[in-house]
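S.K.: Letter by letter, the chains look like this.
Protein chains: 2
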Amino acid sequence: MPIVASDADSYIEASRSSRSEWRLSSKDQLYVKKIRNGTVIDHIEPGHALDVLHILDINGKRGEVVSAVMNVESKRYVRKDIVKIDDRELNPQEVDKIALIAPKATINIVREYEVTSKKRVQLPQTIKGIIRCNNPSCVVNACEPVTSEFKVEVLEPLRIRCHYCGRIMGKDDVLKQF
Amino acid sequence: MPIVASDADSYIEASRSSRSEWRLSSKDQLYVKKIRNGTVIDHIEPGHALDVLHILDINGKRGEVVSAVMNVESKRYVRKDIVKIDDRELNPQEVDKIALIAPKATINIVREYEVTSKKRVQLPQTIKGIIRCNNPSCVVNACEPVTSEFKVEVLEPLRIRCHYCGRIMGKDDVLKQF
Numbered sequence: 011m012p013i014v015a016s017d018a019d020s021y022i023e024a025s026r027s028s029r030s031e032w033r034l035s036s037k038d039q040l041y042v043k044k045i046r047n048g049t050v051i052d053h054i055e056p057g058h059a060l061d062v063l064h065i066l067d068i069n070g071k072r073g074e075v076v077s078a079v080m081n082v083e084s085k086r087y088v089r090k091d092i093v094k095i096d097d098r099e100l101n102p103q104e105v106d107k108i109a110l111i112a113p114k115a116t117i118n119i120v121r122e123y124e125v126t127s128k129k130r131v132q133l134p135q136t137i138k139g140i141i142r143c144n145n146p147s148c149v150v151n152a153c154e155p156v157t158s159e160f161k162v163e164v165l166e167p168l169r170i171r172c173h174y175c176g177r178i179m180g181k182d183d184v185l186k187q188f
Numbered sequence: 011m012p013i014v015a016s017d018a019d020s021y022i023e024a025s026r027s028s029r030s031e032w033r034l035s036s037k038d039q040l041y042v043k044k045i046r047n048g049t050v051i052d053h054i055e056p057g058h059a060l061d062v063l064h065i066l067d068i069n070g071k072r073g074e075v076v077s078a079v080m081n082v083e084s085k086r087y088v089r090k091d092i093v094k095i096d097d098r099e100l101n102p103q104e105v106d107k108i109a110l111i112a113p114k115a116t117i118n119i120v121r122e123y124e125v126t127s128k129k130r131v132q133l134p135q136t137i138k139g140i141i142r143c144n145n146p147s148c149v150v151n152a153c154e155p156v157t158s159e160f161k162v163e164v165l166e167p168l169r170i171r172c173h174y175c176g177r178i179m180g181k182d183d184v185l186k187q188f
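Chains as they are written, first to last, in this note's numbering: chain B, 11 to 188; chain V, 11 to 188.
Chain B on its own, in the form it takes in the complex (with noise of 0.2 Å):
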């Protein structure tokens, strides 16, 4: 399939030109696409803008206006998916949950068309409270109130410790909770 994928750049140059969303280029026939204040996740991993979208608790019925593209080419990666969010702006923890299942996304953000800021996600070298120990034996899965807590050993392939019973967990178990 012929498909060349913008990078980010071309993808946030979009909320340049006016006001549409959605709309027809009569010259061109051409589908085109803008965003005045939201988000673009770009560089999502390819296959996993659906668990982004999970992550950030969006499943369209609540009326969020969203896009989201899957395993489009791209330009760094050879693949990726992209996912666009209206009127929406990420929490650190939700960034950091991003960052665990795609650690090469960037996060545009962009309000009245313009982008305001634009950051490469950064997984910290200790996740807190974020994941549990999948461990059922593990201190924090009993009653008593601990924060869990995880040494980032590896980010790709990922590979977590946890700081109290030592289980490796790997982006498979992380999805698993989200």
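Honestly, the hints are just simulated from the structure, not real lab data. Just so you know, not all the hints are guaranteed correct.
You can't tell identical chains apart in this list, so a pair holds if it fits in one copy or across any two.
As a list, the in silico EDC-like pairs of lysine to aspartate or glutamate whose alpha-carbon atoms are at most 20 Å apart [said to hold, decoys possible]:
hint : residue 1 : residue 2
1    : K138      : E122
2    : K71       : E122
3    : K85       : E154
4    : K129      : E74
5    : K128      : E163
6    : K128      : E159
7    : K129      : D96
8    : K186      : D67
9    : K161      : D67
Model, not experiment: these values are computed from the prediction.
Model the placement of chain V on the given structure of chain B, informed by the hints.
M.R.: Chain V alone, transformed into the frame defined by chain B:
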């Protein structure tokens, strides 16, 4: 949000201009999307794009090139979702399943940048073998080889009646099975 969604024709027109799937139009700085071969499912009830992907067993993990937009404005129905799938055409059973949750959807088949077929889904009066009766005592849930069968009593909101036990089911009951 000033979002204007194209209608089905506009979406399809995108397929007619060039071979690039995602590209930047330098003059207008627009993000452009096209399809060479595949299916565009338009006029999906708003908020049901992910259900359609689920029905079609699409999660992006097998490299499927797919896009989904949710809750964009529609000239015809105020809001709608759209799903575009490259290199895939749907079978009749898949179309019937989509009709159950999105009775106004239109299925557009694109081949070599041309729309070769454009049809509104149409739920048959009798639905056989697609969904199970949710009455645990119904004969179709016993071990006997009985094919489930429902009569469609109302399309919107969906109301179907089991041929065997008379159990009434609605869209939420159906969605739980997909």
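S.K.: Treating 20 Å as the Cα threshold, decide for K128 and E163: within, between, both or neither.
M.R.: neither (26 Å within a copy, 52 Å between copies)
S.K.: For the identical chains here, do K129 and E74 meet the 20 Å Cα criterion within one copy, between copies, both, or neither?
M.R.: The answer is neither: 23 Å in one copy and 27 Å across copies each exceed 20 Å.
S.K.: Using 20 Å as the alpha carbon limit, work out where K161 and D67 are close: within a copy, between copies, both or neither.
M.R.: This pair counts as neither: shortest intra-copy Cα distance 25 Å, inter-copy 35 Å.
S.K.: Between K129 and D96, at a C-alpha cutoff of 20 Å, which is it: within one copy, between copies, both, or neither?
M.R.: within (18 Å within a copy, 30 Å between copies)
S.K.: Within a copy, between copies, both or neither: where do K138 and E122 come within 20 Å Cα-Cα?
M.R.: neither (34 Å within a copy, 51 Å between copies)
S.K.: Given a CA cutoff of 20 Å, do K85 and E154 count as a within-copy pair, a between-copy pair, both, or neither?
M.R.: Answer is neither; intra-copy 48 Å and inter-copy 55 Å both fail.
S.K.: Is it within a copy, between copies, both, or neither that the alpha carbon of K128 lies no farther than 20 Å from that of E159?
M.R.: neither (28 Å within a copy, 53 Å between copies)
S.K.: Within a copy, between copies, both or neither: where do K71 and E122 come within 20 Å Cα-Cα?
M.R.: Neither: 25 Å inside a chain and 34 Å across chains, both beyond 20 Å.
S.K.: Should K186 paired with D67 be assigned to within, between, both, or neither, using CA atoms and 20 Å as the limit?
M.R.: both (14 Å within a copy, 18 Å between copies)
Hint compliance for this structure: hints 1, 2, 3, 4, 5, 6 and 9 are not met, and every other hint is.
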